Structures are given as C-alpha cells and as structure tokens.
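S.K.: Sequence:
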Amino acid sequence: MSTKITSQLAPKKRLTLFDAVNSTLAQIAPAAAIYYGLPVIFLATGTGSPLTLLIAALAVAMVGLSLTNFSKKYPSSGSLVKYIGMTFGSVVGTASAIIFIVGTFFLAASAFIELGGWTADSLALYGIHIHWIIPTILLTLFIWGLTIVGIDRSTKIASVALIIEVIVLLVVSILILFYPPEPLSLEPFHLSSIKGGLVGIGLGFPLAVYLFIGFENSVALAEETENPERNTSRAVLASIAIMAIFYIFVTYCVIQGFSNSASALSKSSNPFMELANRYLNELAIFAIIAGFTSIVGMSIACLNAFSRIAFNSSKEGLISTKFSKVSKWGTPIGTLTLIMGIGLVLAILFGIFSENWVVGFGYVSTLGTIPILLIYLMLNLAVIFNKKERWPFHRKFIFPILGLVSISLPIWAMVQPGQPLPTGYFPWAILAVCIVSLIYSWFKVRKGNSKASAINPLEPFSTQRK
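Position in the sequence shown counted from 1, then plus 498, gives you the working numbering.
Worth flagging that the hints you see were computed from the coordinates, not collected in a lab. Since the model is a prediction, treat every value here as computed from it, not as a measurement. Misleading hints may appear alongside valid ones.
SDA-like, lysine to any residue: derived pairs with alpha carbons at most 25 Å apart [as the list claims (entries may be wrong)]:
{"no.": "1", "residue 1": "K820", "residue 2": "Y938"}
{"no.": "2", "residue 1": "K823", "residue 2": "T835"}
{"no.": "3", "residue 1": "K765", "residue 2": "N854"}
{"no.": "4", "residue 1": "K886", "residue 2": "I896"}
Computed spacing ranges between beta-carbons, pair by pair [as the list claims (entries may be wrong)]:
{"no.": "5", "residue 1": "N725", "residue 2": "G860", "range": "37 to 47 Å"}
{"no.": "6", "residue 1": "P681", "residue 2": "S761", "range": "34 to 44 Å"}
{"no.": "7", "residue 1": "G694", "residue 2": "K826", "range": "49 to 59 Å"}
{"no.": "8", "residue 1": "Y938", "residue 2": "F676", "range": "51 to 61 Å"}
{"no.": "9", "residue 1": "L919", "residue 2": "F883", "range": "35 to 45 Å"}
{"no.": "10", "residue 1": "G625", "residue 2": "S683", "range": "37 to 47 Å"}
Built from N, CA and C at the ideal position, the CB exists for glycine as well.
Work out the full structure, taking the sequences as your base and the hints as a guide.
M.R.: Below, the structure written as structure tokens:
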C-alpha cells in the first residue's frame with residue numbers, strides 16, 4: 499500500500515455536517531449501548547431510568563459546551579488533547595496526549611473483541627460454531643482497510659450501519675407503543691419511579707454517562723470536515739441531543755413492554771432483545787443484525803477519530819513522528835495501523851486470559867473509559883483556567899463546573915472500596931500511567947522536543963489554513 503510522509507490530512511472529499519453527526523452517532527453505538535448498558539441501568543434505577551438518562555444527557559451536554567468553546571475557533575484533529583495543551587502548556591499537553599492514546603488502545607480493543615464475540619455468538623445460534631478470535635481478527639483487518647481508503651467512504655459505511663440499527667430499534671419500540679401488554683403509563687417520568695431515590699441516581703448516573711462516550715468524535719475529524727469552525731460544534735451538540743431523545747424514547751418503550759415492572763426488567767439479561775423476540779418473532783434476526791451493524795459502525799468511527807488525535811500528537815512530536823504517515827487516500831495510515839495493531843493484540847490477550855470474551859470486553863472497556871473521563875475532566879479545567887479567551891461567564895465557569903461535577907461522579911464510583919478484582923486495580927493502573935506520562939513529558943519538554951501548544955491561541959484556525 500503506497501504511503502507518503504506528510505504532516506497534513508488531505509481527503510479527496512470532505513465530510514459534511516450530516517457525515518460528522520453520523521460518525522459521532524456511530525461511535526456512540528446506540529444499539530450496543532441499549533443491549534449492554536440498559537440492563538445495568540435498570541438494575542440501578544428501575545423504571546425511573548429515563549429520568550436518569552435525562553440527567554446524564556444534561557451533564558454530558560455541559561462537557562460538550564466546554565468543548566465547543568474551543569472547537570468553534572480552533573478546530574483541530576488534536577481535539578481535546580490540543581485544547582488542554584493550549585491552556586496548561588507543553589508538559590500537561592504531552593501527558594494528556596499519552597494518557598488519551600493509552601485509553602484509545604483499550605477502547606479500540608473493546609470494539610474489536612465485541613465485534614468478534616458478537617459475531618461468533620450470533621453464528622452459534624444458527625449452528626455455526628467458530629472461535630471468537632477468528633472473526634475478531636478478520637473483521638478488525640477489514641475495518642482497518644476501510645478506514646485507510648478514505649474518511650468519506652468509511653464514514654458512509656458507518657452511516658449505513660447506523661441507519662440499520664436505528665430502524666430496528668425504532669420498529670420494535672413503535673410496535674410496543676401500538677401493542678403494549680398493559681395501558682401506557684407516564685410513571686417512568688415521575689421522580690418516585692426512581693429506584694432508591696438519590697441513591698439510585700448515584701448508582702445509575704455513572705452508567706448512563708458511559709452511554710454517551712464518543713460525543714466528541716466529530717471534533718477529531720475537523721481538518722477533514724467542511725466549514726469545521728461551524729460544523730464540528732454543531733455536530734457535537736446535535737449528537738448529544740439526538741442520542742438523549744433516542745435513549746429516553748427507547749428506554750420508555752422497553753419499560754412499557756415490561757408493564758412498568760422493575761422486577762421483571764431486572765430479571766432480564768437483555769430486555770430489548772427479549773421484546774424483539776416477542777414482537778418480531780422470526781424477524782428477530784434483524785435485532786441481531788442491528789447489534790452487528792452497531793458494533794461495525796462503532797469500530798469504524800472509533801478508529802477514524804482516535805487515529806486523528808494520535809496523528810496530531812505524532813505530527814507535533816508528542817509521540818514518535820514515524821507514525822505521522824499519510825496514505826495516498828489522505829488518511830493517517832501510521833496511527834490507524836498503530837491503534838489497530840495494539841488494540842487487536844489487547845483484545846486477543848484479554849479475551850484469552852479472561853473467563854470468556856464478555857468478561858474480557860468488560861475489562862478493556864473499563865481500562866479505556868477511565869483515561870477518557872480524565873481527559874473530559876481536564877477539558878473543563880482548561881476552559882476555566884484559560885486566560886487568553888474572553889468567554890461569557892456562564893460558558894467559562896458555570897457550564898465547565900457542572901461538567902466537572904458530572905464527570906467526577908463516574909470516576910468516584912470506580913474508586914470506591916469493595917470493587918471486584920481485578921477491576922478494583924484498574925483506576926490505580928491508570929493513575930500509574932498518568933504519573934509516568936507526566937514524568938516522561940517533563941523530560942521531553944525539557945529537551946525542547948514537544949510542541950503541545952503549536953496552535954497559537956490567538957490565531958483562528960481559518961487563518962492557519964491560508
């Protein structure tokens with residue numbers, strides 16, 4: 499595959515606002531989130547889960563607003579890492595890049611192992627038995643190839659995958675509304691429906707926030723998007739709003755399908771799939787297909803976005819510049835290959851040495867989520883402590899502080915005593931990564947090799963492109 503070393507991404511066709519939103523929604527992966535996330539949220543907050551999701555959406559929106567403070571004026575493939583460096587300087591910027599990239603390795607691994615595991619389990623339902631490692635390797639390499647041959651092509655495929663899963667989710671949800679087992683009720687929107695009250699919200703809120711991770715996807719694609727100063731910010735906020743409405747609607751329908759029974763919901767390992775089997779009968783296979791397309795779309799979107807941030811870090815010398823290779827299609831083949839390779843190895847290792855692939859998926863997704871939450875936290879601090887921008891008071895202080903509080907809760911939940919092992923060790927492992935990253939960054943900057951603040955905060959991105 500022909501490549502050339504260059505410092506610029508040059509897609510033959512730039513992404514539209516529609517493409518940017520679709521890429522973001524694909525990374526959030528609504529079907530996978532509903533299949534795997536809702537059962538746990540139901541256990542925590544019962545039939546009051548729609549309200550928990552609403553609170554989580556508002557919290558994530560605060561982080562999104564902090565992100566758009568920067569992205570409206572300085573859209574960059576460096577995304578959150580770039581903006582942190584602009585405020586706190588080279589040492590923190592370089593450390594943030596390393597921490598974020600470590601997180602992307604594990605999140606990519608979670609996407610790959612889920613893709614292979616879901617495929618193997620789905621085939622087993624129809625008498626075709628293969629080890630999950632085989633589809634994991636084959637499908638990962640296929641997706642890697644798609645992401646190399648053009649951002650517009652791979653994003654279109656992710657968009658098609660997204661449309662398929664959304665159609666299936668909506669069809670089942672609408673059927674429930676038309677043919678409910680009991681009369682429809684607004685009980686899920688009453689505060690009294692939240693299991694355990696504030697304690698229940700405290701348990702369910704961190705899980706609900708996780709369902710929105712990936713909302714920043716479009717910012718990493720800024721340099722390949724039309725009118726990035728406008729479209730990246732719109733894509734971030736539109737994606738959060740769309741997913742909030744969609745999650746709340748589907749969750750409400752699922753609760754109605756279980757007759758507003760918290761106990762029935764808690765006994766089901768996958769409430770939506772159970773309802774799909776009930777309402778679609780033989781056509782329930784489409785719910786399985788929706789799960790597959792959801793994970794495919796998520797894998798494509800993850801690899802696209804993560805590779806752009808790593809590419810920017812490589813271009814600026816935060817990591818080895820050897821990874822800043824760009825293919826003849828204008829895609830960052832160096833960082834695409836780096837994340838794919840390490841992610842695939844981690845997926846196989848954690849899957850093999852865990853009880854099964856599902857447990858391995860839980861491990862790598864947790865290890866990947868913690869660094870991303872820390873970066874979200876730092877982004878809000880970057881808005882508060884940035885001295886060069888004159889944002890309105892509510893955008894500089896109120897929104898970021900609310901964002902800090904909302905992101906701190908999931909992190910706090912992870913470090914509580916009594917966590918099952920080895921999961922209880924994961925926050926401390928990431929803390930060690932943070933310490934090592936800061937030490938490495940300090941030495942690297944001292945040698946004059948880091949350019950974490952390469953974008954001049956006083957110079958708009960539109961000026962830089964000229």
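S.K.: Given the range 34 to 44 Å, decide if the beta-carbon distance of P681 to S761 lies inside it.
M.R.: This hint is violated: roughly 19 Å between Cβ atoms.
S.K.: Assess, step by step, whether the Cα of K823 is no farther than 25 Å from the Cα of T835, and give holds or violated.
M.R.: Since the Cα atoms of K823 and T835 sit roughly 10 Å apart, the hinted pair holds (cutoff 25 Å).
S.K.: Taking 25 Å as the top limit, are the C-alpha atoms of K820 and Y938 close enough?
M.R.: holds (18 Å)
S.K.: CA of K765 to CA of N854, is that 25 Å or under?
M.R.: holds (22 Å)
S.K.: Given a hint of 35 to 45 Å, does the C-beta separation of L919 and F883 actually sit inside it?
M.R.: holds (37 Å)
S.K.: Given the hint of 37 to 47 Å, check if G625 and S683 actually sit that far apart at their C-beta atoms.
M.R.: Given a distance of about 41 Å, which is inside 37 to 47 Å, the answer is holds.
S.K.: Between Y938 and F676, does the C-beta distance stay in 51 to 61 Å?
M.R.: holds (58 Å)
S.K.: Given the hint of 49 to 59 Å, is the C-beta distance from G694 to K826 inside that range or not?
M.R.: holds (56 Å)
S.K.: Holds or violated: K886 and I896, Cα atoms, limit 25 Å.
M.R.: This hinted pair holds, its Cα atoms lying about 18 Å apart.
S.K.: Note whether the CB distance of N725 and G860 lies within 37 to 47 Å or breaks it.
M.R.: The hint (37 to 47 Å, Cβ to Cβ) holds, given that N725 and G860 are roughly 40 Å apart.
Hint violations for this structure: number 6 only, all remaining hints satisfied.
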